[in-house]
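Undergrad: Given next are the chains, with one letter for each unit.
There are 2 protein chains.
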Amino acid sequence: MKIVRPTLVLNKTVCQQNIELMVEKAKRHHLRFRPHFKTHQSLEIGHWFRNLGVKHITVSSVSMAAFFAKDGWNDITIAMPFNIHETEGLNELLTDNNINIIVDNTLTIEHLKEKLTGEIGLFIKISTGYNRSGISSISHNRIDSILEAAEKNKKISFKGFITHSGHTYSAGSRNEVQNIQFDTLQKMDQLKKTYLKRYPNLEISIGDTPSCSITENFRGVDEIRPGNFVFYDLVQHSIGACNIDDIAVRMHCPVVSKQPARNEIIVYGGAIHFSKDWLQNIDGKPLYGRIIITHNNERILLGPLSCLISLSQEHGILKVTSKEFKQINMGDIVEIIPVHSCLTAQSMGKYLTTKGEEIEMMKCY
Amino acid sequence: MKIVRPTLVLNKTVCQQNIELMVEKAKRHHLRFRPHFKTHQSLEIGHWFRNLGVKHITVSSVSMAAFFAKDGWNDITIAMPFNIHETEGLNELLTDNNINIIVDNTLTIEHLKEKLTGEIGLFIKISTGYNRSGISSISHNRIDSILEAAEKNKKISFKGFITHSGHTYSAGSRNEVQNIQFDTLQKMDQLKKTYLKRYPNLEISIGDTPSCSITENFRGVDEIRPGNFVFYDLVQHSIGACNIDDIAVRMHCPVVSKQPARNEIIVYGGAIHFSKDWLQNIDGKPLYGRIIITHNNERILLGPLSCLISLSQEHGILKVTSKEFKQINMGDIVEIIPVHSCLTAQSMGKYLTTKGEEIEMMKCY
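Top to bottom, those sequences are chains A and B.
For the first sequence, the working numbering assigns the number -10 to the initial residue and increments by one for each residue that follows.
For the second sequence, the working numbering assigns the number -10 to the initial residue and increments by one for each residue that follows.
Think of the hints as simulated: they come from the structure by calculation, not from any bench.
Hints should not be assumed to be uniformly reliable.
In this list, chains with the same sequence are indistinguishable; a pair is considered to hold if it fits within one copy or across any two.
Said to hold, decoys possible - Listed below are the simulated DSS-like cross-link pairs for lysine-lysine, each with C-alpha atoms no more than 30 Å apart in a straight line:
| # | residue 1 | residue 2 |
| --- | --- | --- |
| 1 | K59 | K274 |
| 2 | K141 | K312 |
| 3 | K59 | K352 |
| 4 | K315 | K102 |
| 5 | K(-9) | K102 |
| 6 | K143 | K339 |
| 7 | K186 | K312 |
| 8 | K181 | K144 |
Can you make the complete structure from the sequences, with help from the hints?
TA: Structure (structure tokens):
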């Protein structure tokens, strides 16, 4: 494998193992597995899921739904509050596919009333504490007005309640994730009990990678939609959702400058390659990636304080110890474990597997 | 102009005015203008420079050099410490173009000795305080060893010293930028004096947008290489390098959810569109973008505390006042001024001009 410039390298074995483990976990808990494909955005990686029997997927845009629908995925949830400007694109999908949209207001339903040309499934978005989009689980008035508006339209079938406990991403421990998950399940279960009489087939769909990786409690849940687990990353590792060895992607970056006065190594690999998410390191400073070097033919994961400390547009700065500084040479290719694999994959737009295969991604906006 | 999904809208008039002003400033100070094209990465925008007589450009990678060389730009500086793995790509460029590379170590020169098939210009990278790549201006030993290595190779002509005062990007005021620029010029001038006898044609090249926009002091400088000024952004505005009206790009984002309990508006437009740079707002919290709404057919720039406060992969959260909350409706398209236009442009990969023309960008990695 010849690396010339910043390259996102994917370990296929690790990735397929991550997929397998989540497929098995879903089976064990009798859950429908509807993985979020926004992390990888690749037809090839989609096939790895399909080979394990996965038939339902989640995406984050109408264009991403169209991309995967063309490849034979025909049961898709578009997990963004529906953007009414994309109704035409949605309609095009409805002829051949089962599409679910998510909504947290009546105006979207009113808009669709006149414009929808086919049948859709509707999930109402519930916020259980992440506080991005969605309705509080106790706001029955808002939920009822959406249901009322939906019932007037025969093309819309109410499927259930969907949530994304994104606040697990800032959890400090596995215990905290379990507490958030417990709270989410309480709220969703209460909703289910309230609405089950009127809608006996209603489902509960939850989604975040930390909860799906860490907990074994899925009481009342019908479907899970994690996405990031396919690669994992340093954020997931910091939460306790994965081990370092479970992280399937690494950026390979050439060393282009050495700064002996500061024990800093400059690599070709910047914000346009990694994007710019960071974690707080154990010394309180920002950490943009962990480093693996090859020394005497041995791959060595450096400690967390020897890390990618800064990203400008194309440059990355690695701060290392003086011993490590001597072990890294001009022209070396260092491996960097990304903080947030979804954004790094999106920035790079393609993968090179450790077996040397090139895998293309969709660019979906 | 119909906006359906997150779209990067470019005001051509403002952009061309930014270019014109910098062209004039360079002329006024008798400087060669070698704009950095990594900000826009577009052939079309390149032509706007060419139409004003610009003939020399700066890029940040061998592939970007190749992209612009094909369009007739044949005097190019590749302003990254040269990555020895791309020597083949460099050689391909040398047949028809004048290419300058930048170097801060002898190993790169040693490597090129055997591999170079054509002639190149060499700039030695000096660090005047930004502390990324480069050599301190007083490290004459390191500079001399590079010069010595270069002189052994007839294909390499030493052109001069190059620096990028990137520390102006975190300056708190125009005065601070002027102080940094003054310090940079002192250091570069000292170098020039030291080496001018040996190299009577040596040049000094400086580059950052804040210095080039704010100062009128270019003593001893032969060439300027700013890039960001073509669009400007909130970082430049916070430094005092531009007015809000000089910022030529805005992200247009559809409103997909309203959260009345928190006066928050959720837009379709996230980290994959903006990238993830932020500024510290006047209340100490992160600011990811400023908001312009259209109310009663009037465009209103909201105050800095009503801003884009958070970005996840596709979602952005706007925090506004309760009055503004009522003025923004589901389905509205809000305009957001980006914090860092280079990264936002890179993430989006294309522009729509306010006149409705589509402009493609290169994707260069």
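Undergrad: Each hint should be assessed against the structure and marked as holding or not.
TA: Checked hints:
Proximity of K59 and K274 under a CA criterion of 30 Å is satisfied in neither setting, with 45 Å inside one chain copy and 43 Å between copies. Neither within a single protomer nor between protomers do K141 and K312 lie at most 30 Å apart by alpha-carbon distance, with minima of 71 Å and 32 Å respectively. For the homomeric pair K59 and K352, the shortest alpha-carbon distances inside one copy (15 Å) and between copies (25 Å) are both at most 30 Å. Within a single copy, K315 and K102 get their C-alpha atoms only as close as 67 Å, which misses the 30 Å cut-off; across copies the closest is 24 Å, which meets it.
For the identical chains of this complex, K(-9) and K102 are inter-copy neighbours only, at 22 Å across copies versus 55 Å inside a copy, given an alpha-carbon limit of 30 Å. For the homomeric pair K143 and K339, neither the shortest alpha-carbon distance inside one copy (42 Å) nor that between copies (40 Å) is at most 30 Å. Within a single copy, K186 and K312 get their C-alpha atoms no closer than 67 Å, and across copies no closer than 40 Å, so neither meets the 30 Å cut-off. In this assembly of identical chains, the alpha carbons of K181 and K144 lie at most 30 Å apart only when taken from the same copy (23 Å versus 75 Å across copies).
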